[in-house]
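**Student:** Please model the complete structure; the sequences and the hints are all you need to start from.
Protein chains: 2
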Amino acid sequence: MGQDLVIGIDVGGQTTKCGVVDARGTVIAQTVIRSDTYTTFEPYVAELAEALKRLITEANAEGNIRGIGVGAPNGNYYTGNIENAVNLTWGGTNIIEFAKILSEAMGGIPVSLTNDANAAAVGEMTYGAARGMKNFIMITLGTGVGSGIVINGEVVYGHDGFAGELGHTCAVRHNGRACNCGKTGCLETYCSAIGVARTAREWLEMSDEPSLLRSLDKITSKDVYEAAKEGDKLAIKIFEYTGTILGEKLADFIEFSAPEAIVLFGGLARSKEFLTEPITKAMNANVLPLWRGKVKLVYSQLKESDAAILGASALAWEL
Amino acid sequence: MGQDLVIGIDVGGQTTKCGVVDARGTVIAQTVIRSDTYTTFEPYVAELAEALKRLITEANAEGNIRGIGVGAPNGNYYTGNIENAVNLTWGGTNIIEFAKILSEAMGGIPVSLTNDANAAAVGEMTYGAARGMKNFIMITLGTGVGSGIVINGEVVYGHDGFAGELGHTCAVRHNGRACNCGKTGCLETYCSAIGVARTAREWLEMSDEPSLLRSLDKITSKDVYEAAKEGDKLAIKIFEYTGTILGEKLADFIEFSAPEAIVLFGGLARSKEFLTEPITKAMNANVLPLWRGKVKLVYSQLKESDAAILGASALAWEL
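Chains A and B, in that order, give the protein sequences.
Residues in the first sequence are numbered from 0 upward in steps of one, following numbering that gives the first Met the number 0.
Residues in the second sequence are numbered from 0 upward in steps of one, following numbering that gives the first Met the number 0.
Derived by calculation from the structure, the hints in this document are not laboratory data.
A hint or two may mislead.
As the list makes no split between identical chains, a pair holds if one copy fits it or if it spans any two.
[As the list claims (entries may be wrong)] Keeping only pairs whose Cα atoms sit at most 25 Å apart, straight-line, the calculated BS3-like set for lysine-lysine is:
hint : residue 1 : residue 2
1    : 293       : 182
2    : 295       : 182
3    : 293       : 271
4    : 182       : 280
5    : 293       : 52
**Tutor:** See the structure below:
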């Protein structure tokens, strides 16, 4: 008998990352398969199960896998299903019994599933910046804005399993930006990587202010970061604007669940040297006096390349 | 040995209501003392303990009191203390060890304490509209706007014991109304009884629209309700405005915790014939499609005269 191990699986639109993880959060072995080769679920899950079996052999972990955790778009923790995941080629408007079918394909190893932001929160609590915390809110600043909320040491799933959609709370009530979800003014239209690029394009068009960004064809949030590092004033103001909007909404979230900390994660969080100050300032200006200066703002401590696997794997320890 | 009973105490700025309650939520005996006779805590708690002992005798409940639950402004569930309750004559900026001192004065009967809105939520879950629900949000629409949030069958107290201040989340970001808390644009400046009266005063001043409210000296939310019942168009529009702002914020709250229901309670909730439609409309227009039309909007089922005592008493069953 070897040590207890778990498997973490991060299902993305293009790729599915899998890893065997130990109790300390070390990824012992990992592999990647394409998510978008098939338009139906059956051949995808067959390929996934094959990949996992090879991985287990490679890690010399036969018989030691305690469980499998999966982070997936629209993943429902209660049912183990993926529901209406339009970004997955085999997702569509179907209900995919992901956890059940994968468990069967893996000879009965239990499978736990949730969405990627909730998985990230569990990962941070198990191995990262939120170790020992019972109450925190994880905000993932990626292409979109996701969230995983932990209260009393447990992820909040809500009545239906889909709680924690803070990226779609309203940041700008009137004349807000159109969001993919069909609403307007959602936090993620301002505070995601795409939102930052959108702000840059809008502002360049609105003013004649000189900026390094003007020479670029297609602006990404990374370009805005690079420009800010060069001292570009417009780029720095874009991060101030982004951080202020995020901080204002974080104040609302604090008034909801009184967390010990807000944990930021994702590609955009790498711009922390320009985001931390405006976020902190707006958060403290907009929160009730009793929380002013008291709620920590921290950044993920998981290595970015491993984070998605680790987050998903952490779910499996709870099985 | 008689049946198990509990005591509920509702500490308000002017009066303190106390009652002996059975497991079905019947108030067997009740009494009221003044809260504002003393400027220090000791004589107040001595008078309170005397009143409770008489009440126990009157209810023939000696030896049967399982616990005492207290709803009080700024009550901290974790510590049992009342902290910085400026609305209490003996509160001030002190930390009052309410639960500990009352328990000692009552011969060691355990005492549990929280703020009034959290107590109302526990009351609704134990005896009222939220029976059987594990996930709901209680909004109290009184002089201010309070909230009690229940997730997985438990009230959310947060890291420090003060979670659930939804009345101070931001409803109007720019040029919002000044709130007693020191911030601007708080939900409670629009959707409380005082907020409704404020809207009425502002609107009467801003326009020449005829209204029954013009004949009144000092307008209360009750006046606005009476006028709306008479078909007064301005009064009806005031409720539409109030309900819309509340519904917009409820959408945010749903995206946080995905509750089964929103439960409304308090004086202003009596105007439900004018509030329900705008609240529901705004809530569904602003929430993600997956929750549209799915989250119930219900009203408290507790008799108003008993509700505060019942809410507090419900806490004691959890001791």
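**Student:** Tell me the numbers of any earlier hints that the structure contravenes, in ascending order.
**Tutor:** Hint 5 alone not satisfied by this model.
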